[in-house]
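*Asks:* One-letter residues, chain by chain:
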Amino acid sequence: MSSSTELTEKKVFLLKSLDGVIFEVEESVAVQLEVIRELIEGDCARPFISLYNVTSEILALVIEYCKHHAETCSGGTSATIADEDLKTFDNEFMNVDENILLELCSAADYLDIKSLFELTCRTLASLIKDRTIIEVRKMFNVENDFSVVEEKAVRKEFAWAFK
Amino acid sequence: MGAGFSSLATEKKTVTHPSNPNISDLPESCIASILSCLEPSEICKLARLNKTFHQASLADVVWASKVPENHEILVKKLFSEEGSSESLSKKEIFSRLCRPIPFSGDTKEVWLENSSRGICVAISWKGLKITGIDDRRYWTHISTDESRFHTIAYLQQMWWLEVEGNLEFEFPAGNYSLFFRLQLGRASKRRGSRRIINNLEQVHGWNKPVQFQLASSNGEHVASKCYLNEAAGKWMHYHVGDFVVENSYIPTKLNFSMAQIDCTHTKAGLCLDSVFIFPIETVNKLKQF
Chain A
1 MSSSTELTEK
11 KVFLLKSLDG
21 VIFEVEESVA
31 VQLEVIRELI
41 EGDCARPFIS
51 LYNVTSEILA
61 LVIEYCKHHA
71 ETCSGGTSAT
81 IADEDLKTFD
91 NEFMNVDENI
101 LLELCSAADY
111 LDIKSLFELT
121 CRTLASLIKD
131 RTIIEVRKMF
141 NVENDFSVVE
151 EKAVRKEFAW
161 AFK
Chain B
1001 MGAGFSSLAT
1011 EKKTVTHPSN
1021 PNISDLPESC
1031 IASILSCLEP
1041 SEICKLARLN
1051 KTFHQASLAD
1061 VVWASKVPEN
1071 HEILVKKLFS
1081 EEGSSESLSK
1091 KEIFSRLCRP
1101 IPFSGDTKEV
1111 WLENSSRGIC
1121 VAISWKGLKI
1131 TGIDDRRYWT
1141 HISTDESRFH
1151 TIAYLQQMWW
1161 LEVEGNLEFE
1171 FPAGNYSLFF
1181 RLQLGRASKR
1191 RGSRRIINNL
1201 EQVHGWNKPV
1211 QFQLASSNGE
1221 HVASKCYLNE
1231 AAGKWMHYHV
1241 GDFVVENSYI
1251 PTKLNFSMAQ
1261 IDCTHTKAGL
1271 CLDSVFIFPI
1281 ETVNKLKQF
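Residue numbers (this note's numbering), protein chains in the order written: chain A, 1 to 163; chain B, 1001 to 1289.
Derived by calculation from the structure, the hints in this document are not laboratory data. Treat the hints loosely; a few may be bogus.
Taking lysine to any residue and the SDA-like style, the derived pairs with C-alpha atoms no more than 25 Å apart in a straight line are [to be verified]:
id, chain 1, residue 1, chain 2, residue 2
1, A, K114, A, E41
2, B, K1208, B, T1266
3, A, K156, B, E1028
4, A, K156, B, A1064
5, B, K1051, A, V136
6, B, K1077, B, D1060
7, B, K1051, B, C1037
8, A, K129, B, K1051
Small disclaimer: the values here were computed from a predicted structure and weren't measured.
Chain A with its partners taken away, still in its complex shape:
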């Protein structure tokens, strides 16, 4: 960032994670969290905003994501270069283990960050795709809670898709 912006003081907000860690973020990052937009715009965000559903580990990642997106979009580069840059960033950003991915998805839903939510959903979908039910259950610790009768009924319900 150039030093000529020194004079215009940037608005910052404090976000507090579930485990009590406080993050300082600029307005351009904070506004991407739709869930707190009203608080920010109504100037009700003091002294800090508590985000009870997000751990510090995940909140740090979310902030990194929003920061990169805010910087790329305001960086003055052409739209296509910015698009390419974001795509590369998103791909690398999604290179995390399944547990983090699930938490990011849940956090993006809770914080109402549409682009991150869609990105995590797409990534999770591509992980599940082409795997058997047994593999998916194993991968994500899912228990089969159907009774034999229920399982049969569901199989029948969707039989049309496999003809």
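Please build the complex by placing chain B on the supplied structure of chain A, with the hints as guidance.
*Replies:* Frame of chain A, contents of chain B only:
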């Protein structure tokens, strides 16, 4: 999306960081969004994962991108007899459209191609206008499992071969191809034998090309010529032409025909099954029929 936040500075120390999060612990809306990124067959498979996934798989948001954009028109047109069409979920609409639905007095069928959002239509020869079709000297009508309509028309012998058809249908926007499904020669079983052989003895008069035509209300008009004798003895889809639908909400009108009206020779030995219309991206699956 998004629920429960606070700007209060109260402490909440109950940190639970599950080391093994379970995908079905995600809110149902998240699971539905994940499912909506997948192909229909994958969604149906994952509905069997557990109860949460099953419930999520029923959500309209999952199927909104799978049903044709003009599904409301199609539902009204195709499910009208049942009266309850307005209350159908998007999943129910999708699953019903995937099964062939007869219309026009069972001479036509329409279905949704599972992997695309395009509509397929089949029109039996009974839904076409065929010169001399009721005169048994020219055409015979044969019951057979070789046709999805369980019947074909067999050309005995004729000077004037002319088959015409038309269709007015609300195709979802996309590119489509139209085909005639024909076979030169007739499959028959030899007496005392289980083997099916193709009887080509009666086949003659196909050394001159057949003319195909297709015109659509969207402005396309194509004519092509084709020698049928190059693929005698097997069912073939003869490509007539393509058309583009831009507006899913107005009916596309199609006129199509097949003709060989050169009266210097008679034509014989042609099996006529039906006309097919497929979304272009699914055409490579044709061998299934």
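*Asks:* All hints, please: hold or fail.
*Replies:* Taking the hints in turn, this is what the structure says about them:
1. A/K114 to A/E41: 19 Å, holds
2. B/K1208 to B/T1266: Cα-Cα ~11 Å, so holds.
3. A/K156 to B/E1028: Given that 25 Å is the threshold and the Cα spacing comes to 22 Å, the pair holds.
4. A/K156 to B/A1064: 22 Å, holds
5. B/K1051 to A/V136: Roughly 14 Å separates the two Cα atoms, so the pair holds.
6. B/K1077 to B/D1060: With a Cα-Cα distance of about 21 Å, the restraint between B/K1077 and B/D1060 holds, given a limit of 25 Å.
7. B/K1051 to B/C1037: 20 Å, holds
8. A/K129 to B/K1051: 19 Å, holds
Violated hints for the displayed structure: none, as all numbered hints are satisfied.
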